[in-house]
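S.K.: Between the sequences and the hints, there should be enough to build the whole structure, so can you do that?
For the record, the sequence lines run as chains A and B.
Position one of the first sequence corresponds to residue 8 (my numbering), numbered consecutively onward.
Position one of the second sequence corresponds to residue 34 (my numbering), numbered consecutively onward.
Just so you know, the hints here were simulated from the structure itself, not pulled from any lab data.
Beta carbons are placed, not taken as given, at the ideal position from N, Cα and C, and that holds for glycine.
Hints may contain errors.
[To be verified] Cβ-Cβ distance ranges computed for the label pairs, FRET-style:
1. Gly-74(A) with Asp-835(B): 49 to 55 angstroms
2. Asp-264(A) with Thr-770(B): 22 to 28 angstroms
3. Asp-264(A) with Thr-774(B): 32 to 38 angstroms
4. Ala-285(A) with His-772(B): 25 to 31 angstroms
5. Glu-158(A) with Arg-63(B): 55 to 61 angstroms
6. Pro-814(B) with Asp-60(A): 54 to 60 angstroms
7. Gln-112(A) with His-772(B): 18 to 24 angstroms
[Said to hold, decoys possible] Under the rule of at most 27 angstroms between Cα atoms (straight-line distance), these lysine-lysine pairs were calculated in the DSS-like manner:
8. Lys-192(A) with Lys-831(B)
9. Lys-192(A) with Lys-755(B)
10. Lys-831(B) with Lys-348(B)
11. Lys-508(B) with Lys-194(A)
12. Lys-755(B) with Lys-831(B)
13. Lys-57(B) with Lys-68(B)
14. Lys-49(A) with Lys-76(B)
15. Lys-194(A) with Lys-348(B)
16. Lys-194(A) with Lys-755(B)
17. Lys-508(B) with Lys-192(A)
18. Lys-480(B) with Lys-456(B)
19. Lys-57(B) with Lys-133(B)
20. Lys-49(A) with Lys-755(B)
21. Lys-182(B) with Lys-348(B)
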Amino acid sequence: MIPAAFEYHRPPDLAAAIAALRDYGDDARVVAGGHSLIPMMKLRMAEIPHLIDLQAITALKGISIDGSTVRIGAMTTQAELIAHDGLASLAPILRETALQIADPQVRYVGTIGGNVANGDPGNDMPALMQCLDAGFILAGPDGERTVSAREFYQSAYVTLREDGEILTAVSFEATGGGHAYEKQKRKIGDYATAAAAVLMVKDKTACSRASVAMTNLSDVPVWSKAAGDALAGTSCGPADIDAAVAAMLADIAPTADNRGPVEFKRHVAGVILRRAIARAWSRA
Amino acid sequence: MNEMAPISREERTQNLKGLGCSRKRVEDVRFTQGKGNYVDDVKLPGMLYGDFVRSPYAHARVKSVDKSAALALPGVVAVLTAEDLAPLNLHWMPTLAGDKQMVLADGKVLFQGQEVAFVVANDRYVAADAAELVVVDYEELPVVTDPFKALEPGAPVLREDLEGQTSGAHGERRHHNHIFLWEAGDRQATEEVIASADVVAEEMIYYHRTHPCPLETCGCVASMDAVNGKLTVYGTFQAPHVVRTVASLLSGIEEHKIRVVSPDIGGGFGNKVGVYPGYVCSIVASIVTGKPVKWIEDRMENLTATAFARDYWMKGRISATKDGRITGLACHVTADHGAFDACADPTKFPAGFFHIMTGSYDIPVAHVGVDGVYTNKAPGGVAYRCSFRVTEAAYFIERMIEVLAIELGMDAAELRAKNFIRKEQFPYMSALGWEYDSGDYHTAWNKALAAIGYEDLRREQAERVEAFRRGETRKLIGIGLTHFTEIVGAGPVKNCDILGMGMFDSCEIRIHPTGSAVARLGTISQGQGHATTFAQILASEIGLSADSITIEEGDTDTAPYGLGTYGSRSTPVAGAAAAMAGRKIRAKAQMIAAYLLEVHDGDLEWDVDRFAVKGAPERFKTMKEIAYASYNQAIPGLEPGLEAVSYYDPPNMTYPFGAYVCVMELDVDTGSHEIRQFYALDDCGTRINPMIIEGQVHGGLTEAYAIAMAQEIAYDEIGNVKTATLMDFFLPTSFETPHYTTDFTETPSPHHPIGAKGVGESPNVGGVPAFSNAVHDAFRPFGLRQAHMPHDQWRVWKIARDLGLNG
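M.R.: Rendered as structure tokens:
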């Protein structure tokens, strides 16, 4: 667990960070909380000659709420997300999800930007961002652009972020309604065996809108449009939930690992989604 | 003197903080302040750092090792391979089990993570960089990770070095991957009983491979002083004197020129008993370079290369009468030892004390045979917080009892009670040759069942099953029962030795003139709290406060020879030595007191912290006064000073026991569980420090919980370790750890000086079957007989699915 030698950079602002990325090209990576990247370096699975630490860039920190629009700076830690009461009342699913990430020590350092930008299929925030229909704001040498979380992930660790870009913030519209982030894991600190993010808006007795996304059940987070559609316009009866689960199962592609064989993961994905729907609907 | 107002006998006893006192652990002052001194804290001037090049393959021929690029890296001092060690005859080393083991790959590698080359550099980072630059050319060979396949006729030959050797350290080898067959008991009589029995239950019970995983990994600092020719080795050694002797025998350095120091140790659990290639390479590197060399393994190295535990396939048959009286027990074990037989058992017992497998039951006849097998897995087979192979034995019998209960259609608690060895049968000679010292199983069992409300729980469980069948719940309740009997305190020198070194232990006491003392023992604490508890034993024996007694261990230059700490042997053996040394002190003190009080020895009686004249308690001398006089007053016929040494060879093992009950809720849909209640009654004989016992029980139960429910070292079919990090190797945090209720009965050992039996390992031994039986018990109404551990989520789900409970 001894990394190879690397140069450590701590740029004071975003422009300097982007310039450093430009200067070092493929030899450089930005680091936020470091919970994915540093272990990879210690295992020598990633050799990064130039490590660009974003923690001095204050502009990347903070949560701003404007009406129903939420913008969260990339360097905001999970602990800060959890502690933010305004966010908790407007979009409580963030606190519910963040509380299920790792343990308090990790959450004091781990950031939302690092969690979503790395493209690790085990991370919880990517599916949540897809569920919320969030946009990722990417800054590069040619300025800023926004990419939908639902399009961002291509395959494990491969995203639409260009090499010279830095993910600076996530942004979404809070929709209200009922929510749930349901996660099965083996222990504290583990990635999900299966997890489901569910948002449901209720119109009198019927579900007017639903969004469903799943964590760690494919090489990318899975926003299941079909599962949400199966619930929309229904009263969420048993047959409707069955249809949503069946739709979700058609969208995931889990692989076997120490958490269990594929058959188990598919089974748990169904159980977890049913629980998430039940909880979200009860809160809607 | 004696002018103080007299204080009561009770108060004087309390002031000693002796036996039975929940004295706070004196070690914890430094540990809780981060002031412990572990081996990685040892920093010597000019120290170099070692790192291993390890095999990525489980079985491969090593065609060449090119170290030129590594040697060219600035800061690299040496790169050692088997070729470099061969002239010293150190490319192989003997194991504690009578086998030999490669120190560095000699022509081939036999498990993933095996040591191939040792890089030495002036900086830890340079050493790691250089290890990457060593180019090893491997030719992959067929891999065997299944011990049954390893014994098939066409299986690959793993140990080419043993080719043609039809016998090993423990008798005949019948196959090239066979290590030994070890047997105990009467095979013929057992077969006859089973053949004619009313009822026979048969089951394969697998105790999976796991790892002790101490928080501190293994490591050492070797320092050869070229001027005085003395080698000092600091290391994470559970048996420092054994390491000294082995180092002397291997290196040819005279034993007085070797000093082995075990500093603070961050947990051992059996992982730190054996001798590892890292120690040998560090010592050689220090001798070659003339500089201290440090080697500390990382977590992945610890989990993949240093000693594992268990991996026993136990095929059992148990017979009984129709009404549930057990008549016989047979077991055949296929024991996967990995690439080298590096178990750390007493030498005459290649399967440890597995033949304690008749457990707490009066079983008239039994037989066990254990086949040791080589596979392409890491060597080891150590006693992970248990006496040698005792947890395997306890798991086996406690599972077989449950299976028999199913076969008989009987309640498993009732079946146990019906077959317990009765109180009046002690000392009890088991069918496999052990003499159980003392016990009162029925009392403990009844207390346990009453405490948890057994009848009510069974009623609730039955109601839950009905609700489950009606579709009202997806959760089941399991009630896991265990009554275990341990065998600890190895052991009598007549049959217990390690490589010929008898398993006695020792204590030296020196009383200072002002009435404080230092005592040194041959054991070494790894968290057990020896500095606290041994002082308590002595306090009660010699009448000085435990607070005035310093305990020292682990430095072979100062501590008396002992066999170290594992197998719950410290209290039974070294604790006994401490008591006996204390009694020698007291005997001399009595003579001094007699002189001072001008009476005959026989006219004095011991009274907590003093000798008093019989019938005249106001005439006395305290131990403090006696200590002062022993140095400063000329006493005719007595040498000055007050010191004693005792080397204690125990007459027998001790047999702690306990009754554990686990109540578990299992979610059939997700395979997850919740421990609703865990009740642990331990009988460890005389209780020295109840608070430390409780802490030991909590720790051991938590390890047992991990082992039963998730912890494993798993390999894929080509020998890759799938669980090499703490992401996949389960180590419970405070969040996962269940709540425990502890309780006790106290049945002293009749042969131990203070009646103590040892407790550190009981909770691991008894805990594993309690957790596992709870899982099995939950599914018993649906037809489950046996499901192998660990009972992690997907395996529990698989039980439910295979029983048709998942739709």
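S.K.: For each hint, tell me whether it holds in the structure or not.
M.R.: Each hint tested on the structure:
Our hint of 49 to 55 angstroms for Gly-74(A) and Asp-835(B) holds, since their Cβ atoms are close to 54 angstroms apart. Between Asp-264(A) and Thr-770(B) the Cβ separation comes to about 25 angstroms, which falls inside the hinted range of 22 to 28 angstroms. Look at Asp-264(A) against Thr-774(B): about 36 angstroms separates their beta carbons, and that is inside 32 to 38 angstroms. Checked against the given bound of 25 to 31 angstroms, the beta carbons of Ala-285(A) and His-772(B), roughly 29 angstroms apart, stay inside it.
At about 56 angstroms, the CB distance of Glu-158(A) to Arg-63(B) agrees with the hint of 55 to 61 angstroms. At about 58 angstroms, the beta-carbon gap between Pro-814(B) and Asp-60(A) stays in the expected band of 54 to 60 angstroms. A hinted range of 18 to 24 angstroms for the beta carbons of Gln-112(A) and His-772(B) is consistent with their spacing of about 23 angstroms. Among the hinted pairs, Lys-192(A) with Lys-831(B) is consistent with the structure: their alpha-carbon atoms are about 17 angstroms apart, no more than 27 angstroms.
The hinted pair formed by Lys-192(A) and Lys-755(B) meets the criterion: a straight-line CA distance of about 18 angstroms does not exceed 27 angstroms. In summary, the hint linking Lys-831(B) to Lys-348(B) is supported, as the alpha carbons are separated by about 22 angstroms, within the 27 angstroms threshold. Pair hint Lys-508(B) plus Lys-194(A) holds up; C-alpha atoms about 20 angstroms apart against a cutoff of 27 angstroms. Taking the CA atoms of Lys-755(B) and Lys-831(B), the gap is about 20 angstroms. The hint holds against a cut of 27 angstroms.
Of the pairs offered as hints, the one joining Lys-57(B) and Lys-68(B) holds, with about 17 angstroms between alpha carbons and a cut-off of 27 angstroms not exceeded. Proposed proximity of Lys-49(A) and Lys-76(B) is supported: the alpha carbons are some 23 angstroms apart, at most 27 angstroms. A distance of roughly 32 angstroms separates the Cα atoms of Lys-194(A) and Lys-348(B); the hinted pair therefore is violated under the 27 angstroms criterion. Distance check on the hinted pair: Lys-194(A) and Lys-755(B) sit about 17 angstroms apart at the alpha-carbon level, within 27 angstroms; holds.
Distance restraint check for Lys-508(B) and Lys-192(A): the Cα-Cα separation of roughly 18 angstroms lies within the 27 angstroms cut-off, and the hinted pair is therefore satisfied. As the CA atoms of Lys-480(B) and Lys-456(B) are separated by approximately 15 angstroms, the hinted pair is consistent with the 27 angstroms bound. Annotation: proposed proximity of Lys-57(B) to Lys-133(B) is violated, straight-line Cα distance about 44 angstroms (limit 27 angstroms). The hinted pair formed by Lys-49(A) and Lys-755(B) meets the criterion: a straight-line CA distance of about 18 angstroms does not exceed 27 angstroms.
For the proposed pair Lys-182(B) and Lys-348(B), the alpha carbon gap of about 16 angstroms is at most 27 angstroms, so the pair holds.
When each numbered hint is compared with the structure, violations occur for hints 15, 19.
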